[in-house]
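Undergrad: Construct the complete structure from the given sequences, taking the supplied hints into account.
Residue numbers for the sequence shown follow the numbering used here, beginning at 493 and rising by one.
Just so you know, these hints were derived from the structure itself, not from any lab.
Treat the hints loosely; a few may be bogus.
[Stated by the list, open to error] Each pair of labels, with its calculated beta carbon distance range:
| no. | residue 1 | residue 2 | range |
| --- | --- | --- | --- |
| 1 | E539 | Y593 | 40 to 50 Å |
| 2 | S499 | K601 | 37 to 47 Å |
| 3 | E501 | R578 | 15 to 25 Å |
| 4 | S499 | L597 | 48 to 58 Å |
| 5 | F507 | Q595 | 48 to 58 Å |
| 6 | V542 | D599 | 47 to 57 Å |
| 7 | E501 | M577 | 17 to 27 Å |
| 8 | Q602 | K528 | 35 to 45 Å |
| 9 | V494 | D584 | 19 to 29 Å |
[What the hints assert, rightly or not] 27 Å max Cα-Cα, derived BS3-like pairs, lysine-lysine:
| no. | residue 1 | residue 2 |
| --- | --- | --- |
| 10 | K498 | K528 |
| 11 | K541 | K528 |
| 12 | K579 | K601 |
| 13 | K579 | K497 |
C-beta: ideal position from N, C-alpha, C; glycine also.
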Amino acid sequence: MVLTKKSGEVFVIDFTVAFEDRLTSFANARQGKIDKYLPIVEHLRREGKVAHVDAIVVGSLGSWDPSNDAALAQMGVSKKYAKLMRKLICLDTIRWSRDIYIQHLTDKKQY
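TA: So this is what it looks like as structure tokens:
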């Protein structure tokens, strides 16, 4: 997602679902997304823009990376709306993970 604020500030944000098998899983997923989009942000900065890159990371079982809150706040998302986003994103992730699991077991498409 690319968000350009009225001030001209640009945010490049990628949403990703990480497997929660290690304590470092979320940090590694976030850093991978930052590394992926950093060349774009550096290009924008060379053009004189104020640009940021970050990620919204959710676990495949619906856990929320606490670092997401800082990323949303930096974009100007209100605490109330960030709380709603957290619930909706986590619920959607759980639903899709469940559907994939059921499809794997039954070989019947769930969506």
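Undergrad: When the hints from earlier in the document are held up against this structure, which numbers fail?
TA: 5, 8
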